[in-house]
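Using the hints provided, position chain B relative to the given structure of chain A.
There are 2 protein chains.
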Amino acid sequence: MAAVAFLGLGVMGGPMAGHLAKAGHDTRVYNRTAARAEAWAKANNGKAFTDISEAVRGADVVCACVSADADVRAVFEAARPAMGKGAVFVDHSTASAKLARELAAAAAAAGFGFLDAPVSGGQAGAEAGRLTVMIGGAATDVSNAEPVLKAYAANVTHVGPAGAGQLAKMVNQICIAGVVQGLAEGLHFAQAADLDVSAVIAAISKGAAQSWQMENRWKTMDEGRFDFGFAVDLMRKDLGLVLDEARANGARVPVAALVDQFYAEIQAMGGRRWDTSSLIARLNRQA
Amino acid sequence: MAAVAFLGLGVMGGPMAGHLAKAGHDTRVYNRTAARAEAWAKANNGKAFTDISEAVRGADVVCACVSADADVRAVFEAARPAMGKGAVFVDHSTASAKLARELAAAAAAAGFGFLDAPVSGGQAGAEAGRLTVMIGGAATDVSNAEPVLKAYAANVTHVGPAGAGQLAKMVNQICIAGVVQGLAEGLHFAQAADLDVSAVIAAISKGAAQSWQMENRWKTMDEGRFDFGFAVDLMRKDLGLVLDEARANGARVPVAALVDQFYAEIQAMGGRRWDTSSLIARLNRQA
Numbered sequence: 000m001a002a003v004a005f006l007g008l009g010v011m012g013g014p015m016a017g018h019l020a021k022a023g024h025d026t027r028v029y030n031r032t033a034a035r036a037e038a039w040a041k042a043n044n045g046k047a048f049t050d051i052s053e054a055v056r057g058a059d060v061v062c063a064c065v066s067a068d069a070d071v072r073a074v075f076e077a078a079r080p081a082m083g084k085g086a087v088f089v090d091h092s093t094a095s096a097k098l099a100r101e102l103a104a105a106a107a108a109a110g111f112g113f114l115d116a117p118v119s120g121g122q123a124g125a126e127a128g129r130l131t132v133m134i135g136g137a138a139t140d141v142s143n144a145e146p147v148l149k150a151y152a153a154n155v156t157h158v159g160p161a162g163a164g165q166l167a168k169m170v171n172q173i174c175i176a177g178v179v180q181g182l183a184e185g186l187h188f189a190q191a192a193d194l195d196v197s198a199v200i201a202a203i204s205k206g207a208a209q210s211w212q213m214e215n216r217w218k219t220m221d222e223g224r225f226d227f228g229f230a231v232d233l234m235r236k237d238l239g240l241v242l243d244e245a246r247a248n249g250a251r252v253p254v255a256a257l258v259d260q261f262y263a264e265i266q267a268m269g270g271r272r273w274d275t276s277s278l279i280a281r282l283n284r285q286a
Numbered sequence: 000m001a002a003v004a005f006l007g008l009g010v011m012g013g014p015m016a017g018h019l020a021k022a023g024h025d026t027r028v029y030n031r032t033a034a035r036a037e038a039w040a041k042a043n044n045g046k047a048f049t050d051i052s053e054a055v056r057g058a059d060v061v062c063a064c065v066s067a068d069a070d071v072r073a074v075f076e077a078a079r080p081a082m083g084k085g086a087v088f089v090d091h092s093t094a095s096a097k098l099a100r101e102l103a104a105a106a107a108a109a110g111f112g113f114l115d116a117p118v119s120g121g122q123a124g125a126e127a128g129r130l131t132v133m134i135g136g137a138a139t140d141v142s143n144a145e146p147v148l149k150a151y152a153a154n155v156t157h158v159g160p161a162g163a164g165q166l167a168k169m170v171n172q173i174c175i176a177g178v179v180q181g182l183a184e185g186l187h188f189a190q191a192a193d194l195d196v197s198a199v200i201a202a203i204s205k206g207a208a209q210s211w212q213m214e215n216r217w218k219t220m221d222e223g224r225f226d227f228g229f230a231v232d233l234m235r236k237d238l239g240l241v242l243d244e245a246r247a248n249g250a251r252v253p254v255a256a257l258v259d260q261f262y263a264e265i266q267a268m269g270g271r272r273w274d275t276s277s278l279i280a281r282l283n284r285q286a
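Chains as they are written, first to last, in numbering that gives the first Met the number 0: chain A, 0 to 286; chain B, 0 to 286.
Extracted from the complex, chain A is given alone in its bound form (with noise of 0.2 angstroms):
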């Protein structure tokens, strides 16, 4: 079992920690608000920390799971004085592939490892350890880290160099972009064509047209209900990191950037915390 850090407890964090823990790692904590961390470690018989370098001393694996650039350079810079030599620090968050570049040479020359290993799965996959990552980085750092990530991770895939887990992470959020406008639209004809949703999903939902998506969500969808997963404000963070990059690589994303837009205007429409799939919403949105 190996020394344990885990910098961030919230909806993600707090769970992925927790199966930490209980795969019988020394699981030290910190959260920004420090009392979620104190409850985390009543919860969990673990040690929570108010000073990030205090909880990363002496860990063999660093976790992160935070919002956005800035927060995970935070942490990271926090952490950094305190990092072992050929201690690995694992950054679970979405954020740009260029961060990830940047942290990782600041590692390399500071003698520990940076992987860029951002998650699918969401709450649910976090709460039952069945989490999807994706990494950018050195072999040998995925090899030293991956027995603490199968704790909450169903499934490790090391795609790349530094840069190219987050990468993954953005083909994985244009495809989900293309998947849910196109059966938020299906959804919106077939009910303004007075079908039977629950038969046309029958009948369409083994062959082309199938999706995780169409499987997981179409219900909710039909009934208008969007309490089930991804946020929208997420969503759009993490669509403003695919423009990003597809503006400095020139790729094409016209309806990423299209979806993009359409969420913006589910958020005008007080669907922040709604889940992706009320794209549909806004289609039924009456004039």
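Worth flagging that the hints you see were computed from the coordinates, not collected in a lab. Each residue gets a CB set at the ideal place from its N, CA and C atoms; glycine is no exception. The reader is advised that the hints may include incorrect statements.
[Stated by the list, open to error] Under the rule of at most 30 angstroms between Cα atoms (straight-line distance), these lysine-lysine pairs were calculated in the DSBU-like manner:
hint : chain 1 : residue 1 : chain 2 : residue 2
1    : B       : Lys149    : A       : Lys205
2    : B       : Lys149    : B       : Lys21
3    : B       : Lys236    : A       : Lys205
4    : B       : Lys205    : A       : Lys97
5    : A       : Lys149    : B       : Lys218
6    : A       : Lys236    : A       : Lys97
7    : A       : Lys236    : A       : Lys149
8    : B       : Lys205    : A       : Lys149
9    : A       : Lys205    : B       : Lys205
10   : A       : Lys218    : B       : Lys97
11   : A       : Lys46     : A       : Lys205
12   : A       : Lys84     : A       : Lys46
13   : B       : Lys205    : B       : Lys218
14   : A       : Lys218    : B       : Lys149
15   : B       : Lys21     : A       : Lys205
16   : A       : Lys41     : A       : Lys21
17   : B       : Lys97     : B       : Lys21
18   : A       : Lys218    : A       : Lys236
19   : B       : Lys205    : A       : Lys21
20   : A       : Lys205    : B       : Lys97
21   : B       : Lys218    : B       : Lys236
22   : B       : Lys218    : A       : Lys97
23   : A       : Lys41     : A       : Lys149
24   : B       : Lys205    : A       : Lys236
25   : B       : Lys205    : A       : Lys218
26   : A       : Lys205    : B       : Lys218
27   : B       : Lys97     : B       : Lys84
28   : A       : Lys21     : A       : Lys46
29   : A       : Lys84     : A       : Lys97
[Claimed, not checked] Simulated DEER-style distance windows between Cβ atoms:
hint : chain 1 : residue 1 : chain 2 : residue 2 : range
30   : B       : Gly223    : A       : Leu257    : 21 to 29 angstroms
31   : A       : Lys21     : B       : Ala247    : 53 to 61 angstroms
32   : B       : Ser66     : A       : Arg284    : 43 to 51 angstroms
33   : B       : Ala256    : A       : Gly110    : 52 to 60 angstroms
34   : B       : Leu242    : A       : Arg284    : 14 to 22 angstroms
[What the hints assert, rightly or not] Here are a few chain B residues that face chain A, going by a calculated C-beta distance under 10 angstroms:
hint : residue
35   : Thr131
36   : Ala153
37   : Gly164
38   : Val170
39   : Ile175
40   : Val178
Same frame as chain A, but now just chain B:
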């Protein structure tokens, strides 16, 4: 076993009729180009007719698989005088819901049944006898036709009244338009970002971005090979039906409309017979 007539022996109808004969039905075929019906009859030990009414006379179930509304109307009108009382005309073509309602009324007035029963599963599904059939029409007609359709269908779903089969097929195509475009943008982005695409797919294909299209088309899309399914010309025909219907029922289908325009660009690139996954070719095109 039933007496069945099959009208239209194209890449779908040919193998579908073959499965009927193989299942032991008395199968009589007609094709606009008579030589194709003769060849089919020789290969399948069946009977070819050069006149639709002769093929249809005495049949319990008459199946048609032709191209567009005008073709459906033509074969229906030719069959009508020869249809027996209580027989069922099953139209497997993808056509408008309006035509389906009109022909269902005409059939009812003449004492026989009409089902709009478009299929999905493509040429491969037809050859394997594993098509999905989505049906609009009266329940008794569905019950009468279903034992015959099982010869080439893995799934037969009665979606609703006349027209509902065509509308369900439209929902299918709307969903596919979003899925394929999202996947095309994701793969194009992955290429632009210089990622190992197979590693990315390994990382994301079990989660919320998963789709039939991702599983079955990512590799050929990544390689720029577009000879694996439903042709762009046919998809444009189907999206035309979608857009006409949406104009009538008030549904909003912005991405389906956009993807239809993208397919128009692919036609202009020489891709009329490429498969629908060729959306990535448009993104990868050099300026």
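Run the structure past the numbered hints and jot down the numbers of the failing ones, going up.
-> Of the numbered hints given earlier, those the structure breaks are 11, 17, 32, listed in rising order.
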